[in-house]
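Novice: Below, each chain spelled out in residue letters.
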Amino acid sequence: MCGIAGLIHRGKSSNVGSEMTAMLQALKHRGPDSTGFAVYGPPNPGDYVMRIKAAEQEDMAKGHGIKEKVEGRIEEIEKRLAEHGAKIKSKEHATDYALRYVIGHDGDTEEMATYIEEIDGVEILSLGNGLELIKDLGDATVVSDAYGLEDFNGTHAIGHTRMATESDVDIRSAHPYWAFPYNDVSVVHNGQITNYWIMRREMERQGHRFMSNCDSELLAVYTAHNLANGMSLEDSLKQSIEEIDGVFTYLVATKDQLGMAKDTMAAKPLVLYESDDLIAMASEEVAIRAILPQEIDTYDPYDEEVRVWQA
Amino acid sequence: MAGVSDAQLREMTQEERAQALGMTTEQLTGRSMFIEFESDAEERFTYPWAHDVDYNKRTELDTDDLTTTEVNEKLRALMAEGYGSIVLKNPRGKHGIAVGILNRLNLIIEGSLGYFGVGLIDGPNVRINGRVGWSCGENMMSGTVLVEKNAGSTFGAAIRGGDLVCRGSVGSRTGIDQKGGTIIVGGDTGALSGFMMQRGRMIVCGNAGKNLGDSMYDGTIYVGGEIRSFGVDAVPAELTELDKAWLTRKLTQYDLLPEKGVDHFTKIVAGKQLWNYDNLEPTEKKLIL
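Chains F and W are the protein sequences, given in the same order. Every letter in the first sequence is one number past the one before it in my numbering, and letter 288, counting from 1, is 288. Every letter in the second sequence is one number past the one before it in my numbering, and letter 99, counting from 1, is 99.
Next up, chain F with everything else stripped away, as it sits in the complex (with noise of 0.2 Å):
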């Protein structure tokens, strides 16, 4: 069991934030584990917002000399981005191994994000013109508060809380899912993928990289698959109906789209709200009762239901 969590504003910006915070605050009793959010800011052509972590939370605690290590591999990061041609706008330390840069680049982003996860221990969480993303263990209110997400102004935001069933619990395995390497597509997801290794062969035959054992990223590595060969949102969402098994709810979220898929079983809920400007779902009601608590139409969609909104 885990809670995941989505909303887009059509048209306008908001705090989403602390819409999703509290959101996934509601979500807290499917999964206390660790929480993530995906969101997005307004697009900036040109710039990069790149989310990245040098170490996991529980190496900051336990490892001999980490503190050194983490600086070290900051370092390298740098170092990395400047041989890429990457020009560093801003800076700022979410926590002590977890960091976000602004950065000015116009090269290969996949080749620099290569690159950079080459060093040992870092991993890029997110790298995109609108995406931020953020994961940590914790619920809602402890990640919100550690990483600065009250304030954050966008348009769409997508999260997830984790009940850890079949991988660890790390940050690593946190969702969301940034769909490496394509920039700003990330996923969440709730259910279980039962062909998950057959699949996972199969993009790992096609150069696709994967960072975790978390069925969850295979949702995101075939995303950015399809999303790469030119298929659309929305035929990617139906094909994953087709392709993979298990029974699985998840949602995407893209630079300026949102999109849904269950699976044919319907067997992992969802409950949606529209509205001319706004749409919310979530795993359970309560979610979107906590940022709308008036009364409200919403409704479950059913299996094989794929729906995408546009900001």
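Derived from the structure by calculation, the hints contain no laboratory data. Among the clues, some could well be false.
[What the hints assert, rightly or not] Examples of chain F residues toward chain W, derived with CB under 7 Å:
1. GLU285
2. VAL286
3. TYR299
4. ASP300
5. ASP303
Every residue, glycine too, gets a C-beta built ideally from N, C-alpha and C.
Given the coordinates of chain F, assemble chain W onto it according to the supplied hints.
Specialist: Showing chain W alone in chain F's frame:
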């Protein structure tokens, strides 16, 4: 069974035999135990812990700042005080609200419920002026539940009696394992509705998703709209005059009767091709032979 011969078993009483074979004969205790009502008792149809309430005593309960447990405890306390009409305000999608009510009660819920709302009830009349999440009215025994908006999946799972009504559309697996009672859906229903249904009736005024009535043992489903596909062993049957009369009465009762009447409804029953209780599975045959 070591050390007990067939001859010895034949000599034993039923209780001794059960114990010798490793089966327990302990009496179950606690609230979950099955109650046999005595036929000559004066009040045959109430549970020992059910409250005697007065419909004319009315009160409101604001649940905004309360947890699910606190709401249900307060509800119980109000019923113990004799309140027979209770209006519950601001439930805000909380789970497990108003469960396990075993006496008559007029309950009005002003808002939407989360999962497992009004489950395990035996007697109350509930009206929900909002939406309900998954498994509303699960295992209800009697009474009526009327949902004014949409409902989530497994609406009325394993219900045994009473009327469970949703004016809007419901999710998937509606009435899974239904054992009695009536489920009425004003709108559409999702996939696998009536899955493993054993008894009772389900009316869907709108469309039904795929695999309708999959593996149903018995019971009847009526669908007013289109059926995406039938499940294994679910077959259409003739809609008799008796069916039409019952449908008209039931739907009129909840103001859901379509303008064009009920003649267009499809009736679905079990084909009973899966009924092979007396036949052994091939693997079991091998064991015996």
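Novice: Let me make sure I understand: some of the numbered hints might not hold for this structure. Which ones are they, in numerical order?
Specialist: No hint contradicted; all consistent.
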